[in-house]
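Full structure from sequences and hints, please.
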Amino acid sequence: MIKNILDPITPGEILREDFLGPLGISINKLSRDLSVPPNRISEIVNGKRAITADTALRLQRYFGIEAQFWLNLQTEYDLRMMKRKIWADVEKQIIPVKESCIQNCA
150 MIKNILDPIT PGEILREDFL GPLGISINKL SRDLSVPPNR ISEIVNGKRA ITADTALRLQ
210 RYFGIEAQFW LNLQTEYDLR MMKRKIWADV EKQIIPVKES CIQNCA
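For what it's worth, my numbering labels the leading residue of the sequence shown as 150, then goes sequentially.
For the record, the hints were derived by calculation from the structure and aren't laboratory data.
Certain hints may be false.
With a straight-line cut-off of 20 angstroms between C-alpha atoms, the simulated EDC-like cross-links for lysine to aspartate or glutamate are [stated by the list, open to error]: (1) Lys178 x Glu192; (2) Lys197 x Asp156; (3) Lys178 x Asp203; (4) Lys197 x Glu248; (5) Lys197 x Asp227; (6) Lys178 x Glu166; (7) Lys178 x Glu162; (8) Lys178 x Asp167.
So, in structure tokens, the structure goes:
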């Protein structure tokens, strides 16, 4: 099996490439329009900060796309990154209840 070696796309990259770029919106304009500090948007767009519920609600109002969309992007990204980091250890350390019960419940 070939492992996916590409890094997952950050929610900020989606914000930048699919929304800000095509609409010609700068980081400064978005931060002003959302009433948040420019560094918040800059850090999100550069993959250094997560999209919080607060930011998701502001993006919902601004772009008309549900806050849950933005939070789902963040959750999916976080899960992919964490899986890369710890999944091998999780598989070694944790026995699924079904297998555990088959071995020890009889």
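| task | Against the structure, test the hints numbered earlier, and report the numbers of the ones violated in rising order. | result | 4
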